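Here the structure of chain U is known, so what remains is to put chain W in place on it, guided by the hints.
Protein sequence lines correspond, in order, to chains U and W.
Each residue of the first sequence is one higher than the one before, starting from 1 at the first, in our numbering.
Each residue of the second sequence is one higher than the one before, starting from 1 at the first, in our numbering.
None of these hints come from the bench; they were simulated from the model.
It should be emphasised that the depicted structure is a prediction, and the values quoted were computed from it without experimental measurement.
Some clues are possibly wrong.
[Claimed, not checked] Pair by pair, the computed Cβ-Cβ distance ranges are: (1) U:Asp185 - W:Leu112: 40 to 48 Å; (2) W:Pro28 - U:Val177: 34 to 42 Å; (3) W:Arg196 - U:Arg295: 27 to 35 Å; (4) U:Asp33 - W:Arg249: 23 to 31 Å; (5) W:Arg32 - U:Gly114: 38 to 46 Å; (6) W:Phe286 - U:Asp33: 48 to 56 Å; (7) U:Asp185 - W:Arg196: 35 to 43 Å; (8) W:Leu109 - U:Leu126: 24 to 32 Å; (9) W:Arg118 - U:Ala181: 40 to 48 Å.
Even for Gly, the Cβ is constructed at its ideal location relative to N, Cα and C.
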Amino acid sequence: MALWLVQALNGIGFGVLLFLIAAGLTLVFGVMDLVNLAHGVQYMLGAYCAVVGAQLTGSFAAALLIAVAGALAGGVILERLVLRPLLGRSHLQQVLGTYGLILLLEEGARAIFGPAPLSLGLPAMLDWSLRLPGGSTYPVYRLFLIGAGLVVALALWLAIDHTRTGMRLRAGAANPVMLSALGVDTGRLFGLVLIAGAVLAGFAGALAAPIVSVEPGMGGAVLILGFVVIVLGGTGSMRGAFLGALLVGLMDTVGRGALSALLGAVLSPAAARQAGPALASMLIYLMMAAVLALRPGGLLPSPARA
Amino acid sequence: MSITLRAGRRARAWNVGLGLWLALAAAPWVARLAAYPYLVDIADRAALTAAAAISLQFLVGVAGLVSLGHAAFLGIGGYAALAFAVGGANEAALSLPAAVIGAASFAALTGLLALRTRGVTFIMITLAFAQMAYFIAQSFELFGGSDGMPLDPPALLGTGLLRSPAALHGIALLALAACLVGAPRLTRSRFGRVLRAGTESPARVIAAGFDLRAVRLRAYVLSGAAAGAIGWLLAEHAGFVSPAMMEWRVSGELLVMVILGGTRTPEGAGLGAVGLVAAEEVLAAFTDHWRLLLAPVLILIALRFGPRRP
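Isolated chain U, as found in the complex (with noise of 0.2 Å):
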């Protein structure tokens, strides 16, 4: 029970960390339409601006600071630069300008820090565990992590369901021709939402910095993550991608333990060994499978396409 109890923890975590990329990226894949594959790379520049900042001031508060500074920073040149350019293009044309984006950020990553996993130290004040009930524990890091991710969450649906820029948003993301014949600056707009995006991912790079390993390669693996996420909530939905998340996060910890449980229960160990982690693997890819024959727009598809 305890173990489960450690797994759904964990799966949340992981949830909450996904929905901080798929939020900016739901909205400028389905509102704007714009495919951006450089979404991971943003989330590795706060990763390793984290890395910086905490080896520059010692302080893993200011370390957070930096990295969202550094996350603005990169959102603003690459927005200004290479992506509102974009906005007016084809995919195809797109998807070979971020491509070029990623090229250049990656290995800009490792000319600089070198090909190697660097590592964050968790902070002191949140490196010690907790009791959970039935005598398990577990880390504080992580349940701060959710905190955030939680508190960021709420800020969003606040920002966009009770303020006015959040108000035009969902209008532009309706109908975007007619928001801007009634005079609002669209391309702000969306230049806004890009920057946003471009933070959010960041900040989650930030946050994941201590548990994971910081590489040059980091981004894709999340991006890709990132793109089921928005398939199964519904393309351009925020409430999707917040339940997407979750369910991506969950069935990545407790469905592999519960599979493992089931294949050990049912096949015989060694038949299990290997048949578990191939089958494991597909778990979040079937529940995408699912959903598509299902629902094809989405669980939670957003009322502007519907």
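Below, chain W alone, put in the same frame as chain U:
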């Protein structure tokens, strides 16, 4: 388009394709003259990569399906070759059909679902399914897990015909020639015309009585099957198979080759592939961080060239 114009374009396409093919075919002689035997290896890899890019160009440029998961088919072809080598039946007459059937089945299953969506979502889903194939390959301890493993060249109907470098060179060229000749014919066929019409006006194609999704699925399966065969060749050529064959960057690189070739023509995709492989080899000779030199070029091309969306 007038008939003379079209004939002129066909002649030019023919010239570009033939020139590309001859340049790659001449590699063994150039390598001997330049005393640089490694050149043949590069040329073969370039020819097979060009063939793979052409199979993707058919999807992107003709069927209008932007797939970012094409490397999965290459990988499935490669693992078919490895499975027969590990299983002790290292016979091309068995493993090559298995590669084609395996890749076609994967394309049929994933295509059935992915084709329910269009545009950006289709790009994301093809990428996700390819990543699934990648993780499955990683989890097979029998096939070396994430490290992969080497394989011996296969027998051909019990003979050792496929075991010489010259044979591999010939087969790579044969595969490229098949793609260069086959893809334009397929594009001009009734099947290709329905696909192209579907990119311009899907509603009209459906109203004319075509089951557009079924036609697109057929294109997806066909392209996947071709890529499966090319993956088998890539594996036999490298003598090594690993999950890295179907890493998402490989799919991205193939798509970049197709885009650089203009997406409209197979010979363009072939040219894009050979150009990128050559650029990598040349730049890598100067610096380990050659991607830093290539990336700005790609970004500039994306920003400067290509159509603006209305």
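- Query: Against the structure shown, which of the earlier numbered hints fail to hold, in ascending order?
  - Reply: Checked against the structure, the hints that fail are numbers 2, 6, 8 and 9, while the rest are satisfied.
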